[in-house]
Amino acid sequence: MRSTTFDNGLKVLIQEEHTAPLASVWCWYKVGSKDERPGLTGISHWCEHMNFKGTANIPRDQVKGIIEQYGGTWNGYTWIDQTTYLETATRDALDRMLFIESERMASCLYHPDDCESERTVIISELQGGENDPDQLLDQELTATAFKAHTYGHPTIGWLPDLQTMTRDDLYGYYRRYYVPNNATLVIVGDVETDEALRRVNHYFGGIQPGTTPSRIVTLEPEQTGERRLTIRKEGTTAYLKVGFHAPSVTDPGFFPMLILDAVLTGAKGLNLWSSFRVPPPQRSTRLYRALVERGLASSVTGALVPTAQPFLYSVSVTATDGVALGSVESELIAALDRVCRDGITDAELTKAKAQLRARLVFDSDSVTNIAHQLGYFETIASVDIFTAAPSRIAAVTLEDVAAVARRVFSSSNRTVGWFDPLPLGSGSTKSDV
Amino acid sequence: MSPDHRASDVVLRTSAAARGGLNPARTVLDNRAVLLTKATHTTPAVTVNLAIRAGSIADPTGLPGMTWLLSRAIDRGTVTRAAAHIAEELDGRGITLTITVTRHLFSLVCTCLADDFEPVLALLGEILMSPSLPDEEIATRKGEVITAIRQDEDSPAVRATEALMALLYPAGHPYGRRTKGSIDVVERLTRAQLLQLHADRFAPSELTAVVVGDVETARAADVAARVFDGWRKPVPAPIALPPVALVNERRRVVIPMMNKAQADIAYGFTTVTRRDPAYYAFWLMNNAFGQYAIGGRLGDSIRERQGMAYYVSSSLDANVAPGPLVIRAGISPANVDRAVASIDEEVGRLVREGLTPKELDESRRYLIGSIPRALETNAAIANFLQTAEFFGLGLDYDMRLPELLGAVTLDEVTEAARRALDPDRATVVIAGPYE
Numbered sequence: 003m004r005s006t007t008f009d010n011g012l013k014v015l016i017q018e019e020h021t022a023p024l025a026s027v028w029c030w031y032k033v034g035s036k037d038e039r040p041g042l043t044g045i046s047h048w049c050e051h052m053n054f055k056g057t058a059n060i061p062r063d064q065v066k067g068i069i070e071q072y073g074g075t076w077n078g079y080t081w082i083d084q085t086t087y088l089e090t091a092t093r094d095a096l097d098r099m100l101f102i103e104s105e106r107m108a109s110c111l112y113h114p115d116d117c118e119s120e121r122t123v124i125i126s127e128l129q130g131g132e133n134d135p136d137q138l139l140d141q142e143l144t145a146t147a148f149k150a151h152t153y154g155h156p157t158i159g160w161l162p163d164l165q166t167m168t169r170d171d172l173y174g175y176y177r178r179y180y181v182p183n184n185a186t187l188v189i190v191g192d193v194e195t196d197e198a199l200r201r202v203n204h205y206f207g208g209i210q211p212g213t214t215p216s217r218i219v220t221l222e223p224e225q226t227g228e229r230r231l232t233i234r235k236e237g238t239t240a241y242l243k244v245g246f247h248a249p250s251v252t253d254p255g256f257f258p259m260l261i262l263d264a265v266l267t268g269a270k271g272l273n274l275w276s277s278f279r280v281p282p283p284q285r286s287t288r289l290y291r292a293l294v295e296r297g298l299a300s301s302v303t304g305a306l307v308p309t310a311q312p313f314l315y316s317v318s319v320t321a322t323d324g325v326a327l328g329s330v331e332s333e334l335i336a337a338l339d340r341v342c343r344d345g346i347t348d349a350e351l352t353k354a355k356a357q358l359r360a361r362l363v364f365d366s367d368s369v370t371n372i373a374h375q376l377g378y379f380e381t382i383a384s385v386d387i388f389t390a391a392p393s394r395i396a397a398v399t400l401e402d403v404a405a406v407a408r409r410v411f412s413s414s415n416r417t418v419g420w421f422d423p424l425p426l427g428s429g430s431t432k433s434d435v
Numbered sequence: 002m003s004p005d006h007r008a009s010d011v012v013l014r015t016s017a018a019a020r021g022g023l024n025p026a027r028t029v030l031d032n033r034a035v036l037l038t039k040a041t042h043t044t045p046a047v048t049v050n051l052a053i054r055a056g057s058i059a060d061p062t063g064l065p066g067m068t069w070l071l072s073r074a075i076d077r078g079t080v081t082r083a084a085a086h087i088a089e090e091l092d093g094r095g096i097t098l099t100i101t102v103t104r105h106l107f108s109l110v111c112t113c114l115a116d117d118f119e120p121v122l123a124l125l126g127e128i129l130m131s132p133s134l135p136d137e138e139i140a141t142r143k144g145e146v147i148t149a150i151r152q153d154e155d156s157p158a159v160r161a162t163e164a165l166m167a168l169l170y171p172a173g174h175p176y177g178r179r180t181k182g183s184i185d186v187v188e189r190l191t192r193a194q195l196l197q198l199h200a201d202r203f204a205p206s207e208l209t210a211v212v213v214g215d216v217e218t219a220r221a222a223d224v225a226a227r228v229f230d231g232w233r234k235p236v237p238a239p240i241a242l243p244p245v246a247l248v249n250e251r252r253r254v255v256i257p258m259m260n261k262a263q264a265d266i267a268y269g270f271t272t273v274t275r276r277d278p279a280y281y282a283f284w285l286m287n288n289a290f291g292q293y294a295i296g297g298r299l300g301d302s303i304r305e306r307q308g309m310a311y312y313v314s315s316s317l318d319a320n321v322a323p324g325p326l327v328i329r330a331g332i333s334p335a336n337v338d339r340a341v342a343s344i345d346e347e348v349g350r351l352v353r354e355g356l357t358p359k360e361l362d363e364s365r366r367y368l369i370g371s372i373p374r375a376l377e378t379n380a381a382i383a384n385f386l387q388t389a390e391f392f393g394l395g396l397d398y399d400m401r402l403p404e405l406l407g408a409v410t411l412d413e414v415t416e417a418a419r420r421a422l423d424p425d426r427a428t429v430v431i432a433g434p435y436e
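Line by line, the protein sequences are chains A and B.
Position in the first sequence (first residue = 1) + 2 = my numbering.
Position in the second sequence (first residue = 1) + 1 = my numbering.
None of these hints come from the bench; they were simulated from the model.
Every value quoted in this text rests on a predicted model; they were computed, and no experiment measured them.
A partial selection of chain A residues facing chain B, derived with a Cβ cut-off under 7 Å:
hint, residue
1, K66
2, G73
3, G297
We treat Cβ as the ideally placed atom computed from N, Cα and C, and that holds for glycine.
Turn these sequences into a full structure, and let the hints steer you where they fit.
See the structure below:
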C-alpha cells in the first residue's frame, strides 16, 4: 500500500490487488454526526444524500447509469466520525470513478428543489428505522448514555431538525467539510500505482484546499451512576440493550476489549462495512451459553466499533417469547460481573485470537472490503492501526483483558435499556428515562 | 442489428475476454451426489456450500415450518458429537455456519481458513448426514423460532410480503406458505417428525457439494468424495408442485399496524419459471423497471421525482414454478395512495410502451458488466455454481450468460411485460399505520 499526500492536503492510499479485473475507489471525509451542533442533527447524512444529485459537470439526468454502464456499483454512508462514498467497477472505469469523486468534492449543486425532495426521503428513512423496535431502543439508549458528547444524537438526526433545516444550512456544511485537506482517497484493485496517482492528480490536483474545519470539542464527563430507560410501546417482542462507555480505537484498551467481546459474544472482526453480513462464531461464547442456550434469549450480540473518540460497547438481547426482561438482565449482568471478577481463561484468549485472525482474512476477500478498511481507519485515526491489528491482537494478555473488563463493566458506567412491549392494539406510551 | 445489440456486443467481448470463465470441475459420485470444485487464491480461505434439494416445499402437509425447525436444530448434535463439541469445533476456527432454507434448497454454508478445510468439510458432512436432534436442543430452538415468528408479526415489511405471497400462491401452494410456519404448528412438532423428515428427504441424490477457494481442485474433490461416498440412501420420491393459479382481478389487502411509523407496500404478480426461454427478457425488464441505479423507473418516479420513499424497488424470483415479481416500497402513511397510483402508472406504461432502446442497453450493459464483480468472492462463486447446478444451466453458464442477455430484443421485453404485468390484475398489500 502506498500513501501520498498532495499539495492541497488530499491523502491518497493505493493498494494493488490483481486478483480480479476490478477497482474500488472510496473517498472519505472526516465529517460525521459528531460534528453536528444542536438544531442541525442529521445534516452530515443529508449532505451525503445531496451529493448524489448532480454536479456542475454531471447533469442531474446523467447521474443515473454513470457507473452502472461499467457494471459497477456505487453507494455511500454516514456515521458518527465519517462520511464516505464508493464505486466498485471494472478497472477500465477508474477514470470515471475519480471524475465522479472529484466532482462530488468540489461541484455539487444543492438545488433547492432537490433539497426539499430529499427532506421527505430522509424522513421516510427515519420512520422506516422506527418501525424496528431494536433500532428505536438503540437510538434511545445512545442518547441516554451520552449527556454532553455529540455521539449521543442519531446519525439520521432528530425529526424536528430534519423538518426545519434549510438549503443554506446544507450547502454551507458541504462547503466547510468537503475539501481535499479533510479527505482521504483510497484505490484498491487491478491498477498500477504510478499511473493511478497520475490520474488522481489530474482530477484532484486543481481543487483548492479549504480552511481546516473547526470541530466541536466536547468530552463526555465520566458517568457516575447507572442510567436506565424503558420504552413501552405496542409490539410483540421484548428487547434488552446494555451500553458501556468503551475505549476509542487509539486507547490501549481497544484491542483487549476486542478480545473480551469475542469471548462474550464472538469475534466480529474490524470491518463495519462487511461484518454485519456474516454473524460471528458464537455458540461457545459466554453470553450465548448463559442466555440463548438456557432459553432466555433468542439472540445476543455485542458491538465494539472502532471510533475516533470513546463510544459505546453494547450488548443487545432479544428475549425469548414469554421470558421476562428482568430475568434476562439479571443473567447478563451476572455474566459480566463474573468476567470483571475472574477475567477470562487462557483457552478463551487463545480461541478469541484465532477467531479474530480468521475474521481478518475473511473480511479481506474483495477489493471493496480492503479499500473500506484502509479508508475507515485512516479517517478515524490512522491506517497504521489497521495494518498493525494482527500484531496488536497477538500481544493482548490475560491481564490486559481483565483490566479492561474491570474498567468498562462497572455498574456506574452502564446504561440499561428495555423495550417492553405493550399488547397490540392497547395504545403506546412514551419512554421512561 | 439494432443499436442495443451493437453496444452489448462490445461489453460481451470485453467481459468474456477479461474473465476466462470459472471452469469448475464437476464429479458425480456413485451415490449420485454432485461435487463442484473451483480453486481460487485470493485469500487463504475456502467456502463450502452444501445444498440438499429439501427446502420448505418438503414440509409435510399441514406442518409448515418443519423444515425450518430442522434447519435450526440439525447442527446441534450428531451421532458422534454433542452440540457443545460442534460449537467448539466451529468457534475455535472462527467459523460461522449459516444454515438456510429456501423454497427448494436446504443449505449449509461456511467459509474457513484453507488449513481447516478437511476437518470442516468432514464435520459439515456429518451434520448433514447424521444429525441426532436431541430433544432438549429442539425445545430451545423452538423458543427461538417462535420468537422470530413473533418478531415477524410486528414487522410491516414481513407482514406485507407474506400476505402477498399467500394471495399469489393460494390454496396451500408451497410458495404461499410462511417458511417459518406458525406458532401452533412449531409448538407441536416432535423429534420423531424431524427425524422422519430427514430420513425421507435427505439423500445423496439430492446433494450438491460446492467447494471454492484456496485448495486445489483435485484435492477438494478427493476430500469431498471421502466424506460423502459412503452415504447410501434411496432416491426420495419427487415432490409435485401444484399449478400456479391465474389472477384475473385486482386485489387489495390492508393490514393495519397502527403502532408503526411507516407503511410497507408489497405489490406483485406471478411470472415465469427459471427455465422459461423468456426468463432473460424478464430479468432485463425487471432490472430497468425496479433495479437499475436507485430502483430503476420506480426509483426515478417515487423516490427521486416525488420524494415519497427511502426505498422502492422490484425483485424477480423465477423458480421451479412460476415465481413472483414483487414491487416493495416503504412509504409515509399520508402518501400510500399516491405511491400505489404511481406504481400503477409505471406498470401500465411498461405494458403499453415497453422499454426504450436506451433503457434496455443500459440494463444489459450493467448486468453483463457486473459479472466479474458478482463473481469476485469465494462465497459468491459457490452460490452461483449452486444456482447453475440446481437449474441445470451448465458448467459454462458464466461464459454463456452475456450472450443470453445480449440476445434479448425490445420486443421480447415488451412481450414479457404484457404476459405477466397488468395493474388490473395486480395484488396489492399495505401493512402499517394505514386504514
